[in-house]
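Participant: The primary structure of each chain is shown beneath.
Protein chains: 2
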Amino acid sequence: MSTIQKIILDNRPQGVATVDNFKLIETPVPVLKDDEVLIRHHYLSLDPYMRGRMNDSKSYAQPQALGEVMIGGTVGEVIQSLHAKFKTGDHVVVMGGWQTQSVVHGDTPGAIRKVDTTHVPLSYYLGAVGMPGVTAWYGLVRIMEPKAGETVTVSAASGAVGSALGALAKSRGCRVVGIAGGKDKCDYVVNELGFDACVDYKQHKDYLSLSKALRDACPNGIDAHFENVGGMVLDAVMIRTNAFGRIAVCGMIAGYDGAPLPMTHPSLILVNRLKVQGFIVSEHMEDWPAALTELSQLVTNGKLKPRETIAQGLSNAPEAFLGLLKGKNFGKQLVKLI
Amino acid sequence: MSTIQKIILDNRPQGVATVDNFKLIETPVPVLKDDEVLIRHHYLSLDPYMRGRMNDSKSYAQPQALGEVMIGGTVGEVIQSLHAKFKTGDHVVVMGGWQTQSVVHGDTPGAIRKVDTTHVPLSYYLGAVGMPGVTAWYGLVRIMEPKAGETVTVSAASGAVGSALGALAKSRGCRVVGIAGGKDKCDYVVNELGFDACVDYKQHKDYLSLSKALRDACPNGIDAHFENVGGMVLDAVMIRTNAFGRIAVCGMIAGYDGAPLPMTHPSLILVNRLKVQGFIVSEHMEDWPAALTELSQLVTNGKLKPRETIAQGLSNAPEAFLGLLKGKNFGKQLVKLI
Chain U
10 MSTIQKIILD
20 NRPQGVATVD
30 NFKLIETPVP
40 VLKDDEVLIR
50 HHYLSLDPYM
60 RGRMNDSKSY
70 AQPQALGEVM
80 IGGTVGEVIQ
90 SLHAKFKTGD
100 HVVVMGGWQT
110 QSVVHGDTPG
120 AIRKVDTTHV
130 PLSYYLGAVG
140 MPGVTAWYGL
150 VRIMEPKAGE
160 TVTVSAASGA
170 VGSALGALAK
180 SRGCRVVGIA
190 GGKDKCDYVV
200 NELGFDACVD
210 YKQHKDYLSL
220 SKALRDACPN
230 GIDAHFENVG
240 GMVLDAVMIR
250 TNAFGRIAVC
260 GMIAGYDGAP
270 LPMTHPSLIL
280 VNRLKVQGFI
290 VSEHMEDWPA
300 ALTELSQLVT
310 NGKLKPRETI
320 AQGLSNAPEA
330 FLGLLKGKNF
340 GKQLVKLI
Chain P
10 MSTIQKIILD
20 NRPQGVATVD
30 NFKLIETPVP
40 VLKDDEVLIR
50 HHYLSLDPYM
60 RGRMNDSKSY
70 AQPQALGEVM
80 IGGTVGEVIQ
90 SLHAKFKTGD
100 HVVVMGGWQT
110 QSVVHGDTPG
120 AIRKVDTTHV
130 PLSYYLGAVG
140 MPGVTAWYGL
150 VRIMEPKAGE
160 TVTVSAASGA
170 VGSALGALAK
180 SRGCRVVGIA
190 GGKDKCDYVV
200 NELGFDACVD
210 YKQHKDYLSL
220 SKALRDACPN
230 GIDAHFENVG
240 GMVLDAVMIR
250 TNAFGRIAVC
260 GMIAGYDGAP
270 LPMTHPSLIL
280 VNRLKVQGFI
290 VSEHMEDWPA
300 ALTELSQLVT
310 NGKLKPRETI
320 AQGLSNAPEA
330 FLGLLKGKNF
340 GKQLVKLI
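Residue numbers (the working numbering), protein chains in the order written: chain U, 10 to 347; chain P, 10 to 347.
Accuracy of the hints is not assured; some may be wrong.
[What the hints assert, rightly or not] Pulled a few chain P residues facing chain U out of the computed Cβ check, cut under 8 Å:
| hint | residue |
| --- | --- |
| 1 | P155 |
| 2 | A157 |
| 3 | M261 |
| 4 | P271 |
| 5 | M272 |
| 6 | T273 |
| 7 | I278 |
| 8 | R282 |
| 9 | L283 |
| 10 | V285 |
| 11 | I289 |
| 12 | S291 |
| 13 | H293 |
| 14 | M294 |
| 15 | W297 |
Hints in this document: simulated from the structure, not taken from any laboratory. Don't be surprised by glycine CBs; every beta carbon is placed ideally from N, CA and C.
So that you can see chain U by itself, here it is in the shape it has in the complex (with noise of 0.2 Å):
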């Protein structure tokens, strides 16, 4: 292992991104400075924010910059360490990129964080106990406000996000239905997920059907709603939704590629007093340990089962991000690279 395998965005996506914006290159391992740590990565997560950052556009995050190895959450095992805190064999969570090792500064706040592998999975801390967990904590609890017999709703429902927000939902005391895509998803977001309904949107062709959907899954309306997708699915719910309704803005997969897509019927906004609200998690430090506790606690109490899509290798990356972006994961996407 003496060299690093990585992927660097070499281009950026003219409309849909391809296999062609991403590049494999391998380096020689850095020989490392003091209080450095090197990691060995067992599994990279592959996340939707990511086609937000691959654009060279305003967002909340600086552009992905090209000929730069693709950022990216992964968790792994040091494998060398001048750092006096970490040590050989120690499980680490670290924003290590699309690379299969990464030396990080053991001191540089958030960069680096331990785990504990007894109760749970490691690589469950790139999802249910991870960045995609905190995320549905902070906006189920910050922006829904849930109370207990409300009605809360979450698109990409069998994702990392959906899955979280189900558990943490119905431990409040909430009726959760689930918006996904497909039969397999959307069984297994009931059965195994425990949600109390779950709307196939892939069987609507457009929001007004689907919006029906929803008005038979949510016979007392919709009070909260955390939106992982848009356009048709934020429609269909906002015509649902009870007066003083919270919708909960985490992601707009469905127009990271090509035109924007509008929101059809922002008068509801008005008419049923919502409020609609956007967030970043890692804009809110102060709420992760609070929010990991309580999600390793699901898991460790078999409340949340979460499933993972697992690609093998560096090299299956890109396309299995691509996949990602469509829908074609089932649970957290990950890569494994051991």
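Based on the hints, put chain P in the right spot on chain U.
Facilitator: Frame of chain U; chain P shown alone:
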């Protein structure tokens, strides 16, 4: 004055509202029952929300009933009273509707309120020191939560809500930028109302052009916005919002007639982590006393100089109302009934 002139909703608009939707009728003045009060209206308030009520569709309020007097806020004087708290000559605010006189029960909560016209002209209780003023106060204080030094924008800036919003935001140390239609209104917003700048949306054919003008008027971006209009104005403002911007949604006047107006870039809610929240001021009666006190002081101290457009006589109310929907009024639209 043995009869009351009334304007009823005769039929519902098919698309654009017309004067033919209304009908003027005359009925006898009823004999008062115990604790009732008869009020002669001096002014009727015309407001955009009335257009929504004319449709037979789901909204935050019941539709205006066909054949009934159009609802509306009025100010006037008591001309007969069988209630101990009210005497002839008292100035009062009542939801009297589009008619020359009305009868209210003196004990109905919120139905009738005595006002002091020593420092505040009677008609202002329908504008700056009435529902529109409180609307501005609620949106600003409860949703926009401005900090000194922040940039605040408001559409329909020369209107009753907009002018109050400007004065309230200035008194909190904000940079206040209006959006209004036409040079006269923009000059008034800056020179009379004391806004820092005003952008004439009629000079711009689309939201991208308007957005560039907003960039010049708001060099530090937009931290909080009060939306009275919707459509192109909201699209343009959203592009200029800063991270964690707050948008209070009070009106979507441009969408009342005809087709729904989409929001072009809802993904900005995520990118800029916006909070977009709709509200109806009548649902927050607990805030009215504090709001009215502050608004009354601003008027008394000359910090808020509202402008009024006054139509003469009840029979002209429909035409004045249709003009209001097209932005023909300049300041608070009233109908003088005496």
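Participant: All the hints need checking, so say for each whether the structure fits it.
Facilitator: Results of checking the hints against the structure:
1. P155: violated, 17 Å
2. A157: Status violated, d = 23 Å.
3. M261: Hint on M261(P): holds, closest Cβ of chain U at ~4 Å, below 8 Å.
4. P271: Holds, because the Cβ-Cβ distance from P271(P) to chain U comes to roughly 4 Å (cut-off 8 Å).
5. M272: Holds, because the Cβ-Cβ distance from M272(P) to chain U comes to roughly 4 Å (cut-off 8 Å).
6. T273: This hint holds: T273(P) lies near chain U, its Cβ roughly 5 Å from the closest one there, short of 8 Å.
7. I278: This hint holds: I278(P) lies near chain U, its Cβ roughly 4 Å from the closest one there, short of 8 Å.
8. R282: Since the shortest Cβ distance to chain U is 5 Å, the answer is holds.
9. L283: It holds, given that the least Cβ distance between L283(P) and chain U is near 6 Å, below 8 Å.
10. V285: holds, 5 Å
11. I289: holds, 6 Å
12. S291: violated, 11 Å
13. H293: violated, 10 Å
14. M294: violated, 15 Å
15. W297: violated, 17 Å
Comparing the model with each earlier hint shows violations of hints 1, 2, 12, 13, 14 and 15; every other hint is respected.
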